[in-house]
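Build the full structure now, drawing on both the sequences and the hints.
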Amino acid sequence: MRTVPMYGIMAEFTSPKDLAAAAKSAHDAGYRKIDAYSPFPIEEVAEAIGFHSNRVALVTLIGAIIGGLSGYALQYWVAVINYPTNIGGRPYHSWPSFIIVTFELTILFGGISAVFGMLALNGLPMPYHPVFNVERFAMASKDRFFLIVFATDPKYDPKGTRQFLEGLHPRSISEVPS
Amino acid sequence: MANPTDEVVVANKRAPVIQPGYTFATVTDKISSIVLTRPTSFGWLVGFGLGFMVTMMLLFAIGYLFLRGTGIWGINIPIGWGFAIVNFVWWIGIGHAGTLISAILLLLRQSWRNSINRFAEAMTLFAVACAGIFPLIHTGRPWLAYWMFPYPNTMNYWPQFRSPLLWDVFAVSTYFTISLLFWFIGLIPDLGTLRDRAENKYARMIYGMLAMGWRGSARHWHRYETAYLLLAGLATPLVLSVHTVVSFDFAVSIVPGWHTTIFPPYFVAGAIYSGFAMVLMLAIPIRKIYHLEDFITDRHLQNSAKVMLATGWIVAYGYAIEAFMGWYSGNRYDSALLWNRLHGPYAFWYWSLLACNLGIPQLLWIRKMRTSPVWLFLVSLVILIGMWLERFVIIVMSLSRDFLTSSWGMYYPTRWDWMTYFGTIGMFLTAMFLFVRILPMISIFEMRTLLPEAEVKHQ
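Listed in order, the protein sequences are those of chains A and B.
Going by our numbering, the first sequence wraps up at 178, each residue one higher than the last.
Going by our numbering, the second sequence wraps up at 459, each residue one higher than the last.
You may find that some hints are simply not true.
Claimed, not checked - Partner residues aside, some chain B positions facing chain A, computed with beta carbon under 7 Å:
#, residue
1, 231
2, 445
3, 456
Stated by the list, open to error - As a list, the in silico DSSO-like pairs of lysine-lysine whose alpha-carbon atoms are at most 27 Å apart:
#, chain 1, residue 1, chain 2, residue 2
4, A, 159, A, 17
5, A, 33, A, 142
6, A, 142, A, 155
7, A, 17, B, 288
8, B, 368, B, 306
9, A, 155, A, 17
10, A, 24, A, 155
11, A, 142, A, 17
12, A, 24, A, 159
13, B, 30, A, 142
14, B, 457, A, 24
15, B, 288, B, 306
16, B, 288, B, 368
17, B, 30, B, 201
18, A, 17, B, 201
19, A, 33, B, 457
20, A, 24, A, 142
21, B, 30, B, 288
22, A, 159, A, 33
23, B, 201, A, 142
24, A, 142, B, 457
25, A, 155, A, 33
26, A, 142, B, 306
As the list claims (entries may be wrong) - Covered stretches of chain A (chain B as the covering partner; in silico rule of three or more C-beta atoms under 8 Å from a C-beta of chain B):
#, segment
27, 32-38
28, 51-61
29, 69-81
30, 120-127
31, 132-144
32, 161-170
Hints in this document: simulated from the structure, not taken from any laboratory.
Built from N, CA and C at the ideal position, the CB exists for glycine as well.
Pasting the structure below:
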């Protein structure tokens, strides 16, 4: 017997269809702490494991609004309050001139929030992760599809879960040490 | 298991986006092996070496510039904006095609973009990097260029936000940052693939660090796709705004030939026109040398040629409106500019521009031309030259003869102008050579989604 605690049990499939079907069966069987790994995005799999919405869009929206507001505020403060200069007789608060920088900063902050928000919500960078202990997992970035039931799932039971996964006709089953 | 790729339907004579017969494994192997197992060829070394030498020439030209000042260039009064600004606009324009392919075609669900977006984005980055050099060294005191950014300083001084030149600083730096982020997050899953497949220990470590522990989790993919789509949605108005802002550098002034409202759309169309020409000039040799004809098919060449035809005609409309307004406005300075273009001292270059951008590209109406790599390559070269001439005509010709005859002048580029210009082409090529050698030049994970076996529905 292993002495290390288990992270979960992982089943390997050879096609996205099989993975989507297996993920759905696992979710229907009451498993909630599950995840699936694939070499490209598969919408149906995320749906099957019960992951319907994420907060990336919200983070991006907040970032974009902050960018736009701070861009305009900066220009207003500089051009009207702190460093007013007469340029061609225009009023200090010549807002049409401020549109472009406001727009660019909206995009800049929105884009940075989208990327770093996505990475943060995904918990990346993460140099070590238990799933990499499984040798066959290297193929998850090529042409194999994996379904994992985490040991923290309330329904998890080393024997029963393994039997359940075997019933899904995977190509192989591996135990994932943590 | 039946081979589902047999079901690929080739709609009436159109070449497929990806040749049938590929699987997830073979697509992965074919693209990643170029980086991981293909030995560094002699041809690559020669190409890289040449590019590197020309880059050294650029550094030499810039070094001498810093020593002596911008007087070594051909610029003078009245022509204060010479090659530096011509090259800046040219390079920025070339970058636009990469963003168009990666962002706008993604939003339009043009899946054929999946095999050319990665290196088109790399092209964007390198082109914008080349472009950024020019305004910087054109300032004369590039070591003070950070004064253009708003930051609290002991001089209690702030930038002037009503100037198009300052808008340009924000537009170009935002464009570079967003292009870099877009390119990098596109690379993350593929870096994971390279990490898992690299035999070399150090390669595995470096790709592993860059992949940041990507493991292809369904939750990660879900957030990833949202972020990618949002970034495309943000990059789309951004790319249209960048050349618009560049055109404001001219259009907001009162110089005849610059002071016109057609500039923003006409500049954006010209940018995409030259950008696709550069994409083709890179794609055609790359697909030949690395045997990627199955991924970058005739369909890609044809579609790019059609984009060039369409944007070429928008540019033609811009020329027509400029000429029409020269006559219709009744403004004597505008009419003088038109006459000057057709008959003045730079008339040869105006007529060459019309030949390069309007005349020769019409060959693309012929299907044989659109499917012949050699002809496409040559037409693209002509378009790139034509678009460079367009910027030369707009900038130099307009400045050379403005309102007062006493302030007319002529501009002659010096060897330093040419060395700096060709030097940036060398820098661009060096970066492209490095890119195709160390990173996957085609997006592997997006190619996988094009395969019929990636389909989950209809089971």
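Here is what the structure says about each hint:
Checking residue 231 of chain B against chain A: minimum C-beta separation of about 5 Å stays under 7 Å; hint holds. Below 7 Å, beta-carbon pairs count as interface contacts, and residue 445 of chain B has one with chain A at about 5 Å; its hint therefore holds. Interface hint status for residue 456 of chain B: upheld, as the beta-carbon distance to the closest one in chain A is roughly 5 Å, under 7 Å. Note on residue 159 of chain A and residue 17 of chain A: the hinted pairing holds, with a Cα-Cα distance of about 26 Å set against a maximum of 27 Å.
Our distance criterion of 27 Å between C-alpha atoms is met by residue 33 of chain A and residue 142 of chain A, whose separation comes to about 25 Å. Between residue 142 of chain A and residue 155 of chain A the CA atoms are separated by roughly 31 Å; this puts the pair beyond 27 Å, and the hint is violated. The hinted pair formed by residue 17 of chain A and residue 288 of chain B fails the criterion: a straight-line CA distance of about 35 Å is larger than 27 Å. Between residue 368 of chain B and residue 306 of chain B the CA atoms are separated by roughly 13 Å; this keeps the pair inside 27 Å, and the hint holds.
The hinted pair formed by residue 155 of chain A and residue 17 of chain A meets the criterion: a straight-line CA distance of about 25 Å does not exceed 27 Å. A C-alpha spacing of about 16 Å is found between residue 24 of chain A and residue 155 of chain A, which places the hinted pair at or below 27 Å, so the restraint holds. In summary, the hint linking residue 142 of chain A to residue 17 of chain A is supported, as the alpha carbons are separated by about 16 Å, within the 27 Å threshold. About 20 Å separates the Cα atoms of residue 24 of chain A and residue 159 of chain A, which keeps this hinted pair within 27 Å; it holds.
With a C-alpha separation of about 12 Å, the suggested pair residue 30 of chain B and residue 142 of chain A falls inside the 27 Å cut-off, and the hint holds. Of the supplied pair hints, the one linking residue 457 of chain B and residue 24 of chain A holds, its CA atoms being roughly 14 Å apart against a limit of 27 Å. Between the alpha carbons of residue 288 of chain B and residue 306 of chain B the distance comes to roughly 21 Å, so the proposed pair stays at or under 27 Å and holds. As the CA atoms of residue 288 of chain B and residue 368 of chain B are separated by approximately 18 Å, the hinted pair is consistent with the 27 Å bound.
Proximity of residue 30 of chain B to residue 201 of chain B is assessed by CA-CA distance (about 21 Å); at most 27 Å being required, the pair is judged to hold. Distance check on the hinted pair: residue 17 of chain A and residue 201 of chain B sit about 34 Å apart at the alpha-carbon level, beyond 27 Å; violated. With a C-alpha separation of about 25 Å, the suggested pairing of residue 33 of chain A with residue 457 of chain B holds against the 27 Å cut-off. The hinted pair formed by residue 24 of chain A and residue 142 of chain A meets the criterion: a straight-line CA distance of about 22 Å does not exceed 27 Å.
Simply put, residue 30 of chain B and residue 288 of chain B have alpha-carbon atoms about 14 Å apart, close enough for the 27 Å limit, and the pair holds. A distance of roughly 17 Å separates the Cα atoms of residue 159 of chain A and residue 33 of chain A; the hinted pair therefore holds under the 27 Å criterion. Of the supplied pair hints, the one linking residue 201 of chain B and residue 142 of chain A holds, its CA atoms being roughly 19 Å apart against a limit of 27 Å. Restraint check for residue 142 of chain A and residue 457 of chain B: the C-alpha separation of about 21 Å stays at or below 27 Å, so the hint holds.
With a C-alpha separation of about 9 Å, the suggested pair residue 155 of chain A and residue 33 of chain A falls inside the 27 Å cut-off, and the hint holds. Under the criterion of a C-alpha separation no larger than 27 Å, the hint pairing residue 142 of chain A with residue 306 of chain B is inconsistent with the structure, at around 34 Å. Under a criterion of three residues with beta carbons nearer than 8 Å to beta carbons of chain B, the stated coverage of the segment 32-38 of chain A is upheld, 4 such residues being counted. Remark: the segment 51-61 of chain A is confirmed as covered by chain B, as 5 of its residues place a Cβ nearer than 8 Å to a Cβ of that chain, reaching the required three.
Closer than 8 Å: that is the beta-carbon criterion, and the segment 69-81 of chain A has 4 residues meeting it against chain B, so the requirement of 3 holds. Coverage of the segment 120-127 of chain A by chain B holds. Counting CB-CB distances below 8 Å, 6 residues qualify, and the rule asks for three or more. Residues of the segment 132-144 of chain A lying with their CB closer than 8 Å to a CB of chain B number 8, which satisfies the three-residue condition for coverage. Coverage of the segment 161-170 of chain A by chain B is violated in this model, with 0 residues showing a Cβ closer than 8 Å to a Cβ of that chain against a need of three.
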